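4 protein chains.
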Amino acid sequence: MPNAAKIRARVGVLGASGYTGAELLRLLIHHQGVEIALLTAERRAGQHMSQVFPQFSPYSLPKLLAIDSVDWKKAALDLAFCALPHATTQRVIKALLASAPGTKVVDLSADFRLADPAAYARWYGHEHHAPELQKEAVYGLSEIYRSSIKSARLVANPGCYTTCAELALIPLLRAKAIDPDEIVIDAKSGMTGAGRAAKEEMLFSEVSEGFHAYGVGRHRHMAELDQEFSRAAGRMVIVSFTPHLVPMNRGIFSTIYVRGLNTSAEGLHTILCKSYAAEPFVHVLPFGEMPHTRHVRGSNMIFIGLANDRVEARAIICAALDNLTKGASGQAVQNMNLMLGFPETLGLEQVALFP
Amino acid sequence: MPNAAKIRARVGVLGASGYTGAELLRLLIHHQGVEIALLTAERRAGQHMSQVFPQFSPYSLPKLLAIDSVDWKKAALDLAFCALPHATTQRVIKALLASAPGTKVVDLSADFRLADPAAYARWYGHEHHAPELQKEAVYGLSEIYRSSIKSARLVANPGCYTTCAELALIPLLRAKAIDPDEIVIDAKSGMTGAGRAAKEEMLFSEVSEGFHAYGVGRHRHMAELDQEFSRAAGRMVIVSFTPHLVPMNRGIFSTIYVRGLNTSAEGLHTILCKSYAAEPFVHVLPFGEMPHTRHVRGSNMIFIGLANDRVEARAIICAALDNLTKGASGQAVQNMNLMLGFPETLGLEQVALFP
Amino acid sequence: MPNAAKIRARVGVLGASGYTGAELLRLLIHHQGVEIALLTAERRAGQHMSQVFPQFSPYSLPKLLAIDSVDWKKAALDLAFCALPHATTQRVIKALLASAPGTKVVDLSADFRLADPAAYARWYGHEHHAPELQKEAVYGLSEIYRSSIKSARLVANPGCYTTCAELALIPLLRAKAIDPDEIVIDAKSGMTGAGRAAKEEMLFSEVSEGFHAYGVGRHRHMAELDQEFSRAAGRMVIVSFTPHLVPMNRGIFSTIYVRGLNTSAEGLHTILCKSYAAEPFVHVLPFGEMPHTRHVRGSNMIFIGLANDRVEARAIICAALDNLTKGASGQAVQNMNLMLGFPETLGLEQVALFP
Amino acid sequence: MPNAAKIRARVGVLGASGYTGAELLRLLIHHQGVEIALLTAERRAGQHMSQVFPQFSPYSLPKLLAIDSVDWKKAALDLAFCALPHATTQRVIKALLASAPGTKVVDLSADFRLADPAAYARWYGHEHHAPELQKEAVYGLSEIYRSSIKSARLVANPGCYTTCAELALIPLLRAKAIDPDEIVIDAKSGMTGAGRAAKEEMLFSEVSEGFHAYGVGRHRHMAELDQEFSRAAGRMVIVSFTPHLVPMNRGIFSTIYVRGLNTSAEGLHTILCKSYAAEPFVHVLPFGEMPHTRHVRGSNMIFIGLANDRVEARAIICAALDNLTKGASGQAVQNMNLMLGFPETLGLEQVALFP
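Top line first, the protein sequences correspond to chains P, R, D and A. By this note's numbering, the letter at position 204 of the first sequence is numbered 1263, and the numbering carries on one by one without gaps. By this note's numbering, the letter at position 160 of the second sequence is numbered 1219, and the numbering carries on one by one without gaps. By this note's numbering, the letter at position 48 of the third sequence is numbered 1107, and the numbering carries on one by one without gaps. By this note's numbering, the letter at position 333 of the fourth sequence is numbered 1392, and the numbering carries on one by one without gaps.
Just so you know, these hints were derived from the structure itself, not from any lab. Treat each hint with caution, since some may be false.
Same chains, same label: a pair holds when it works inside one copy or across any pair of copies.
To be verified - The calculated SDA-like cross-link candidates involving lysine to any residue, where the alpha carbons are at most 20 Å apart (straight line), are:
(1) Lys1258 with Arg1103
(2) Lys1333 with Tyr1118
(3) Lys1153 with Ala1134
(4) Lys1163 with Asp1285
(5) Lys1209 with Phe1401
Just so it is clear, the structure is predicted and the values come from calculations on it, not from any experiment.
Next comes chain P alone, as it looks inside the complex:
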């Protein structure tokens, strides 16, 4: 770190004009270990970030480039954050690593999250374009795969819904304390999770003052849940999962219904408390208390609460995080910290913005 403070790591953000890109910049601008060396944004190439996100007007940042104009070798990045659309991602990372094999990559898309090529093909309808990298990629759920992430070159940052549900359930599945066949995850997301592309159904007037479910029975984040829950349980796990949209900008809230296996709700709570006692970004609330998304807004925290259900042997878990921070860019910086040898919390200390 003393050196890091002097010789900062060169990082780039590919896809800086989207919401996860802006969130990465928010966190990286004052990060003491890095310098922002390169920014790309296809449709806004040639512009300044202040034209795309005026909140960056007070800061001096590199101009936005088109990806194809970048020479990865000359760019000499220590680490690239890749916040690009599905499919494009595979092509870009393959080219980048071929040209600059020493650059590390944190990918925020879903492209490298599934380890199993067959699962990938089944969920995405085509073979993976970089199967050897798919094999190499480490799933970037920081608290669970910390040691692998530290030595990884390519980290697949988890989805926002999945981070929220997985941190709540993996310790319980590993402990075989809940029935893997009776898990219901009812998930709610703020609108930034849908990205910045102009779509009618994302207009303010379509979204405000209302609530709805989407992708019922068939959301791609299910593939990630299957993979991680099955790994944790040591057997195949398929959960009920329904995503919904909340008229707010930031936040994921998961209400999770589980059945204890010879374990009371208090017992489940104890497992979570013990699992996360030393974790700086996971806060387990006192038994019976439940989180609000607003209390983690803009922070890298996940808050988890657990209470008794009145139905015999069942418990209800609620978990809340900011989909752009712990659910995306915050965890990406956390992973960068692990990969580059910085203290894990560096640049991620912001207190939540409430109200």
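We have chain P; now place chains R, D and A onto it with these hints.
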């Protein structure tokens, strides 16, 4: 009805300064069968409705009275809507019916919803103050208890959460098409459901831009659900139920997870379609489509959707209504229409206000 | 009316898939004088309204057509509402009236609002495509031009900002009670005013939790204001006007700063009260009280308040209306009522939806 | 600073359970020059901050005390932030400084903002309770009174509306570039400006989806504006000022209408640019561009834009800041930095949180 149009029924609204009171007036002002003969509001007694809710400025309405100043006999109401707080309600309705036994009552509080005195005492912590009326009261879920409501003197209007979940599930439970032991109801409500009392946790800045659960494991609406689901199933049913608050004014959205009993999701959908084919206020969406609360805002409709869960034998039902209309005052007017012999849809034809 | 109730007028809505189209349907579905005979929507031609706006699912409505597929003569409309984009409008109305000269038209676009061809060319950058119709068109500010509207074939429905400011100021300008050279109009609009086209800057996450001005110094509604204020004052009037966007769906709020000419603020208030004493849709609040947009939401009302400014001889006027109702589709129906000989308030009686 | 990093200044927050209190803690928790030594909150005395604002759960903070239980001498604070209600403030600061005269104070209430005892008495209806401190207090508009603030013991932090309007206008008034008799300030605020007290009119359902003006013609912030504008102009200045509430949490937006005195709009823009060229927290946008509140959310920045009005010789200025940060607690920390000799930007570097 021809007569009703000429000699309008005299109706009163007790508790007109709350949100359900305002919603009753919105619906009753242009209702062709009634005249608004009496309004009460304790803290605002002596004021005009336009001081309490300025949207009524263009209308001529009776001044707000204190309840204790009303002589029920002289008031000669054909029907009173009672939108008063818990406990007060029992006292007021008892006095009203003692003094004016010919007046009919639609009560919007929870006081007369539970038929079983023991259940009441268990959930509310004290004996009912008007047990004979508790016995007399008819549960006002219009579509389910239509014929009893028609001849009732006292109707206990159901809660907003419960109307939403019960209309979605009762036909399936009656048909024994779902497992009564595996029902999870994840419910989300707009903020008007919490009423107009000034509480810190209901302030705009506490509520906007966030999402949370409350009353986890112990919400009083559960008592109503138990009663109605058990009646429908012919055996005791206890469901998992979690209410949440959404930063929007109006709307209840219930996501319900069920397991079919020898019935596919399509089969469940068919049962709902058949049950509600002739109902003017219940719209079952095509299989696989899901509702939005915004599409029922300000209307008396409930929209119900049903889709396959990817978990074997399970289905997901989503239901949406406006908590102030079908979830409270709209259903109250629907019940009044039944009780006074008006066409059931009279005064309830408004199209939803979207956007 | 007795006849109207039996033989309903045939009306069409051109451009039914936008917000003003949906609002027209909301108002027309239960209007006792009309039947909805024709609906068009280019990109959604062939679909049902319930696919475009699910709130119409419970209603039976004509399928959406492409405009070019309509034979206006055969359509035999008594009146067409035209809610189409700028420029397209001129072409369509010209063709419609050429083919079916007996059809009346209420146009909700800005295309026929400016009576002066030179002003039109200056603000829109090209000559008008139907100058003879431009001459024929009557400006549809119902309260001000009622008698001309009654006999008009083509009515140019005013803009939302302009309706709000004009109803507040025209009586004062006509009475020469305020200085025409010192008018500042600070206007705020809900998001539906921006329409349903998918634009990045209208996404929920771009708009919620923030406030901004736009079109500062150069908004096209200024042309309308110039025209109407100059007409009212009998001399040229140019005002300062700044529009802003509020994170809400519906509502225009105008804060207007004026200097009285030998007239106190109370005197100005009296002029407004007298001007609108008999108007069903204009409510002047008691002196010193100010309106809220929420109290007119979904209604055809405009609420106007006036108070003393503490600066000598100055007053502050606030006016509020629903941009989709009195600011667009409600006033369009009001104009239709005038044009077809219905009572002016028919179908427009809805009480505002608050909360 | 090297020492400050080792021996941190002891600071206290009086009134930590309100929104400005929470915002102070958000900024101070990671401030490298201070330790949070004392917190008070009358109604929550004895509780932890995490019970009042759960976002602080991950942090270790002193328990909340009742003010009367504090011995100011023993507390040995280097600086106290006072975020208490009007009137209480005067009593508390008087006692504090009597007991611990070496403690510095930044007061966030309005109690010490008016330098003129007569003006205070006129606006607040009673004599000031600590007139000698009123004389001592320095008005804490950091950019304008920097040098006096550095040596002050008691700083009266400006109001949110006033900071926004004053930073936009003071340079223009000082330069005599605008007419002091023709200033109209139309101001809009987010809801946190109204504080955390439970009032009916601040409930979510009263506020969301609507817009309104309040305090028209008579808002106490006018007294501050009068004082500062008159100081800047060297003559008495009284402006038109109307505050409004926007359904959002954070943000002040001021739209200001001015008339140039022998100075074009471009000339006015140049004056602002030059005045603030070296200011870290004031960003003047390019001529003709206007700010959004969302781009300063959670940051200590004020963004100012200026454009031509189309009315001869007039210009429109828009300014945006976060009412809790630059409009209250951020400027309070900025003032603390000046008073304690820290770099002015220390702890205030956060980038705005958008989206």
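Could you place Lys1209 and Phe1401 in one of the four classes (within, between, both, neither) given a Cα distance threshold of 20 Å? Within one copy only: 10 Å inside a chain, 37 Å across chains, cut-off 20 Å.
Using 20 Å as the alpha carbon limit, work out where Lys1258 and Arg1103 are close: within a copy, between copies, both or neither. For Lys1258 and Arg1103, both the intra-copy (18 Å) and inter-copy (16 Å) Cα distances are at most 20 Å.
Intra- versus inter-copy proximity for Tyr1118 and Lys1333 (alpha-carbon distance at most 20 Å): between (42 Å within a copy, 19 Å between copies)
First find the shortest C-alpha distance between Lys1153 and Ala1134 inside one copy, then the shortest across copies, and answer within, between, both or neither for a cut-off of 20 Å. Result: close within a single copy only, 16 Å intra versus 60 Å inter.
Lys1163 and Asp1285: within-copy, between-copy, both or neither at 20 Å Cα: Neither way: Lys1163 and Asp1285 sit 27 Å apart in one copy and 56 Å across, limit 20 Å.
The structure is inconsistent with hint 4 alone, although it conforms to all the rest.
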